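Participant: In case it helps, my numbering puts the sequence shown at residues 254 to 677.
Everything labelled a hint here was simulated from the structure, so no lab data went into it. Only a predicted model underlies this, so the values are computations on that prediction, with no experimental measurement involved. There's no promise every hint is true.
[Said to hold, decoys possible] With a cut-off of at most 16 Å between alpha-carbon atoms, the simulated EDC-like pairs for lysine to aspartate or glutamate come out as follows:
| id | residue 1 | residue 2 |
| --- | --- | --- |
| 1 | Lys457 | Glu604 |
| 2 | Lys508 | Asp533 |
| 3 | Lys450 | Asp378 |
| 4 | Lys352 | Asp419 |
| 5 | Lys617 | Glu368 |
| 6 | Lys508 | Glu379 |
| 7 | Lys348 | Asp419 |
| 8 | Lys563 | Glu417 |
| 9 | Lys641 | Glu660 |
| 10 | Lys328 | Glu296 |
| 11 | Lys486 | Asp419 |
| 12 | Lys351 | Asp393 |
| 13 | Lys563 | Asp533 |
| 14 | Lys450 | Asp393 |
| 15 | Lys450 | Glu585 |
| 16 | Lys486 | Asp510 |
| 17 | Lys352 | Glu309 |
| 18 | Lys486 | Glu585 |
| 19 | Lys348 | Glu317 |
| 20 | Lys335 | Asp392 |
| 21 | Lys599 | Glu576 |
| 22 | Lys335 | Glu287 |
| 23 | Lys450 | Glu371 |
| 24 | Lys335 | Asp393 |
[Claimed, not checked] Pair by pair, the computed Cβ-Cβ distance ranges are:
| id | residue 1 | residue 2 | range |
| --- | --- | --- | --- |
| 25 | Ser629 | Gly314 | 49 to 57 Å |
| 26 | Lys514 | Glu368 | 32 to 40 Å |
| 27 | Lys352 | Gln634 | 28 to 36 Å |
| 28 | Glu309 | Glu417 | 23 to 31 Å |
By construction, the Cβ of each residue, glycine as well, lies at the ideal position given by its N, Cα and C atoms.
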Amino acid sequence: MKKNLVYLPYGRGTLTYEISENPSRYQLIQPNCELPRVRNSREAVQKALASPIGVENPWAGVGENTTVAITVNDKTRPVPNKALLPPLLEVLQTKGVKKENITIYIASGTHIPMEKDEFHLILGDEIPQQLSVIPHNCDDENNLCVIGTTFRNTPVLVNRGFYECDLKIVVGDIEPHHFAGYSGGVKSAAIGLSGRKTINTNHKLLLDENSVIGCFQQNPLRQDIEDIGSLMKIDLALNAVLNQQKEILAVFFGKPDAVMKAGIQVVDQISRIPISHAYDIVIASAGGYPKDINLYQAQKAMTHASLFCKPGGVIVLIAECEEGVGSNGYLEFMRGVRNIREVIEKFTRSEFMVGPHKAFQIAKILQKHQVFLFSSIPARQVESLLLKPLTSLQEVQNLVNQHPGAEIALIPYATACIAAYKKE
Numbered sequence: 254m255k256k257n258l259v260y261l262p263y264g265r266g267t268l269t270y271e272i273s274e275n276p277s278r279y280q281l282i283q284p285n286c287e288l289p290r291v292r293n294s295r296e297a298v299q300k301a302l303a304s305p306i307g308v309e310n311p312w313a314g315v316g317e318n319t320t321v322a323i324t325v326n327d328k329t330r331p332v333p334n335k336a337l338l339p340p341l342l343e344v345l346q347t348k349g350v351k352k353e354n355i356t357i358y359i360a361s362g363t364h365i366p367m368e369k370d371e372f373h374l375i376l377g378d379e380i381p382q383q384l385s386v387i388p389h390n391c392d393d394e395n396n397l398c399v400i401g402t403t404f405r406n407t408p409v410l411v412n413r414g415f416y417e418c419d420l421k422i423v424v425g426d427i428e429p430h431h432f433a434g435y436s437g438g439v440k441s442a443a444i445g446l447s448g449r450k451t452i453n454t455n456h457k458l459l460l461d462e463n464s465v466i467g468c469f470q471q472n473p474l475r476q477d478i479e480d481i482g483s484l485m486k487i488d489l490a491l492n493a494v495l496n497q498q499k500e501i502l503a504v505f506f507g508k509p510d511a512v513m514k515a516g517i518q519v520v521d522q523i524s525r526i527p528i529s530h531a532y533d534i535v536i537a538s539a540g541g542y543p544k545d546i547n548l549y550q551a552q553k554a555m556t557h558a559s560l561f562c563k564p565g566g567v568i569v570l571i572a573e574c575e576e577g578v579g580s581n582g583y584l585e586f587m588r589g590v591r592n593i594r595e596v597i598e599k600f601t602r603s604e605f606m607v608g609p610h611k612a613f614q615i616a617k618i619l620q621k622h623q624v625f626l627f628s629s630i631p632a633r634q635v636e637s638l639l640l641k642p643l644t645s646l647q648e649v650q651n652l653v654n655q656h657p658g659a660e661i662a663l664i665p666y667a668t669a670c671i672a673a674y675k676k677e
């Protein structure tokens with residue numbers, strides 16, 4: 254906080270929030286910044302590739318006839334693929350793998366698959382020209398194969414092309430996740446390249462009380478994802494940990510579970526924020542693009558913010574949502590719904606589906622907090638989603654002024670922060 258100004262990421266830019274009076278009411282909450290960014294991203298990735306963890310020889314048996322599948326996240330994730338992929342591809346080349354035997358799979362999950370003219374957004378210009386790039390479609394049954402059932406009875410349908418490759422590598426980042434505990438490891442393929450039935454069944458586990466931010470081993474939803482990854486026979490993971498400026502802090506390569514263990518230790522250093530009490534008002538940015546590309550993604554920040562907010566308190570979510578709500582299933586579910594109770598009753602009696610689950614998650618937050626949304630989504634549509642629209646920073650300030658004695662938390666990067674309450 255400088256000169257009573259706080260910069261809040263908003264879409265591809267920032268908003269400047271001015272604390273005009275009584276600064277002592279405010280607390281700026283940010284990820285811990287002790288860890289420096291790597292000076293040379295390329296060298297950091299090369300070093301990780303040369304020092305695999307959890308596996309002695311990751312390239313055993315790899316040669317010119319080996320088919321390789323590499324999974325990358327879609328445009329809704331801030332993964333630095335342009336830094337991670339070139340060194341990985343160079344290693345594959347030194348092992349004799351032919352370019353025509355390498356396929357990049359874009360992990361769409363239930364998102365709308367990316368179009369060809371968008372590939373450069375996540376891969377740069379050269380890779381789409383040199384390699385086959387396939388966006389996954391969770392509803393394309395012709396390209397799905399059934400490979401088994403998890404310990405928690407999730408039927409596993411996955412991308413056939415990916416599954417049939419000899420060597421399977423997931424590329425991504427590790428960060429807090431609002432119900433899977435953490436992103437990263439096998440998740441990008443285990444969810445991103447699965448069929449809708451698999452994703453719906455797995456995500457139903459979010460109803461479990463242990464399917465929460467920052468919980469890995471005891472998180473049933475995350476452990477179900479690990480089971481899916483095992484059935485998919487995912488061999489290797491190349492994952493980065495980023496700071497709030499999307500700069501690389503650390504890179505890990507090797508067996509997926511070992512990569513997750515190492516990455517989580519770093520993420521926890523950054524993201525677990527010690528606090529002694531909750532706040533009356535939480536003003537939280539989703540972190541800008543792509544975290545706030547749509548409300549479907551920005552809702553994650555709402556969950557993080559709720560953990561810093563007192564019961565009955567106020568959350569102001571700052572998220573541009575340049576692509577609107579981001580889920581037709583969510584919009585359709587909310588059609589005709591008038592209040593929180595109706596959302597929960599409708600969701601409870603319906604078959605679990607990804608999309609409508611966002612309505613349920615938001616409704617659970619609305620049971621405890623008032624939620625205001627500052628975004629580019631039309632005010633009437635925001636209201637139809639049972640949220641309260643704000644259309645200017647002055648309106649945010651007016652809202653704060655209505656609560657003269659309130660303690661206020663300002664969180665510019667909410668999805669990177671986990672509330673860690675100090676034990677008394």
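Participant: Which earlier hints can't be squared with this structure?
Facilitator: 2, 3, 5, 6, 8, 9, 10, 12, 15, 17, 18, 20, 21, 22, 23, 24 and 27
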